Structure formats: C-alpha cells, structure tokens
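One-letter residues, chain by chain:
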Amino acid sequence: KNEVEQSPQNLTAQEGEFITINCSYSVGISALHWLQQHPGGGIVSLFMLSSGKKKHGRLIATINIQEKHSSLHITASHPRDSAVYICAANTGNQFYFGTGTSLTVIP
Amino acid sequence: KAGVTQTPRYLIKTRGQQVTLSCSPISGHRSVSWYQQTPGQGLQFLFEYFSETQRNKGNFPGRFSGRQFSNSRSEMNVSTLELGDSALYLCASSSPGASQYFGPGTRLTVL
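Residue numbers (this note's numbering), protein chains in the order written: chain A, 1 to 107; chain B, 1 to 111.
If we strip away everything but chain B, and leave its shape as in the complex, we get (with noise of 0.2 Å):
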C-alpha cells in the first residue's frame, strides 16, 4: 500500500501570496489531518477532515483553511502569507481509531 504523499516538497513564496498544499491518504483512509512544525512552536494541529467535512480545527487564524475531496485527497490553503507561516507543513491520514500515518511534509519558506 502507497504510504501518504504531499506536494510540494519544497516551496518559497514571498509575503503576501498565498499558498496550497496536497496531501493524498493511504487508499482507504477517510479522515486527514494536518500540522505544522516550527523550531519555536515545535507540532501543532490545524485541522482534520472526515469524509469531505471539517470535523475539528486548532488555533489558527482564519488565513489557514482547507478542503477534503471526495477521494480524501485533501489540500490546505494560506493565504496573505507571512514570515512567521515558514514551517513543515504535515499531513497525516489514518482510518476510525486507529493511529495516524504521516506524509514526509511540505517545507514552506517565507521570503
């Protein structure tokens, strides 16, 4: 079984613009949830999706949103990007109860 993709790998962007990421489930997994990592906040969540609904969300300004498609394909979004948005940007996908599989990330470099 395919393990959880993400793209990009890598992306720079400058302030201002905004930003998508994809994240693609082991085949199967219905709920995607997503992170980001910074050296001085270190993991915190941001969202989960369950079958193409928001079903909790982190403390995150309303600039971070995103969507669940009906493959579970899932992207997230930041818009008006700003310096401090530079992190690892992780996804992780897993099946009702059981432990969450995670994609290798987006590394995220705001100019």
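Only chain A is shown next, with the shape it has when bound in the complex (with noise of 0.2 Å):
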C-alpha cells in the first residue's frame, strides 16, 4: 500500500492548457511538497503547504487536510513546463514520495 497516491502518471498537453495533477495520502503530516525534476535529475521544491492554497506565477498548489487530498494546477502551460511532478507527504519524522506524473507540453 503507498502512502502518496499520485494521478494521472503521464499527461501530455497543448501549449497553453491548464493542467491539474493530483495527489492523495494516507499519513498524518505536517505538511504536504509538491516537487519538480526535469531531465538530468535536478530536483526544485515548487511548494511546502500545511493547508489552503499557495501561488508562485502560472503554478497554484492547493490542500484540502480533512479529504487527504493535494492538487496542482498549471495555468497557461509551456513547453518548458515539462517535468516530472512528485508529491511528499512529510509526517514530521518521515517523507513519502508519490511515483510522480510526467509532463509533457507540446508547442
């Protein structure tokens, strides 16, 4: 049983669609991480949250704590957006890691 339920795995889209990626978990946290790793390997944290709703440009990161349930949306999207997405659920002594959602934008 996984602890950080992720969907869709692959998602392709048009240049300009807004795209939404899901996230589920099991555990209690402390709060919850939306990742992105482009080819190569780099990791960036996109997001920490513990709950409501976080912005940072064309990206929005919303938790609801009682359904266990994380969305992010992508406004607008770019080919540059292109990434793996991966969810962490942190338990405050524990991370765990959804499989991750491959992007994929096309112009």
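Quick list of the computed label-pair ranges, beta carbon to beta carbon: (1) A:I60 x B:G16: 41 to 51 Å; (2) A:V44 x B:T7: 13 to 23 Å; (3) B:A98 x A:R80: 24 to 34 Å; (4) B:R15 x A:I106: 41 to 51 Å.
Only pairs whose alpha carbons sit at most 35 Å apart, straight line, appear in this in silico DSBU-like list of lysine-lysine: (5) B:K57 x A:K55; (6) B:K57 x A:K54; (7) A:K53 x B:K57; (8) A:K55 x A:K68; (9) B:K57 x A:K68; (10) A:K68 x A:K54.
Reference excerpt, derived from the structure (chain A facing chain B, CB under 10 Å, subset only): (11) A31; (12) G40; (13) L46; (14) F95; (15) F97.
Calculated from the structure, these hints are not laboratory results.
These figures come from a predicted structure and were not determined experimentally.
Ideal placement from N, C-alpha and C gives every residue a C-beta, glycine not left out.
Mind assembling these two chains? They're in different frames, but the hints should get you there.
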C-alpha cells in the first residue's frame, strides 16, 4: 500500500492548456510538498503546504486536510513546464513520495 | 548564495565495496536530508540530520549510515554495496520550517 498516490502517471498537453495533477495521501502530515524534476535529475521544491492554497506565477497548489488530498495546477502551460512532478508527504519524521506525474507540453 | 553541492557527481563501485558521498548545504542551513531515487522504487527518504544529530531515519538497512559535521556538511556511507544500491543519491538542505533545496545528486553505479 502506497502512502502517497498521484494521478495521472503521464500527461500530455498542448501549450496554453490548464493542467491539474492530483495527490492523495493516507498518513498524517505536517506538510505536503510539490517537487519538480527535470531530465538530468535536478529537483526543485515548488511548494510546501500545510493548509489552503499557494500561488507562484502560473503554478497553484491547494490542499484539503480533511480529505487528505492536494492538487497542483499549471495555468497557461508552456513547453518549459515539461518535467516530472512529485508529491511528498512529510509526517514530521518521515517523507513519503508519490511515483510522480510525467508532464509533456507540446508547442 | 551558493547552492547545495554534492560530490562526487558520478561513482562506479563493485559489489562488496563501501562508498562515502558528501553534501555541502547552503550556508546557514542546519538541516540536511538524504534521499535515494531508483527507477523501480522512486524517491525514498534515507535520513535527516540537524545540528550534527540524526533526527529522523527512513526504512533502510544499517548498511546505510550518515553523519553531519559542525559546519553542517554531511556525509553518507553505504557499506557492503549491493547491485540494488545503484541509484541517484540526493541531499537537500533547509532552514527550520522552510522548503528544501536539493543538490544535483550523486549517481552511484554498483557493478
């Protein structure tokens, strides 16, 4: 049983489309993280959430603590958004990771 | 400010050997975490160090160990290497309550 489930696993979108990636978790968390990983391995932390909603540029992350669910939205998607997006649940003493969503944005 | 650095970037070892990987955090960050990433298991948490003390540990065997020095630099060691230890090893540093900054990783190949 995976503590963190992400969907979809793969996503292809046309440039300009609105994208949503979903994350469900089964553990109690102190924070929920969204990470971006480009080919070559480098990981960037996009958001750290414990409640509500955060926005950074074209990226929006939301979390519903009661439902144990988080979403990452990308507005006006661009080919440079092509990457793997990983959700991670921080329990305070452990991190559990989703398997990632591979996003390809086509010009 | 310089980012998180990891050395070496690439490493090839044979089964049974041991390896030490190094991580230099962002200046001022006292927390360093280590992660293993493989195609089969994805990202997995190894351990976290804060002010030279191991604060949290993932579900890895005792062959995996680490330490942190007074300047916050951290090392992880894997003894008696197995083929399955081939992976990208990432470290990340942070300030308390803040997001983590990841290093570029060390790609370990065990032959």
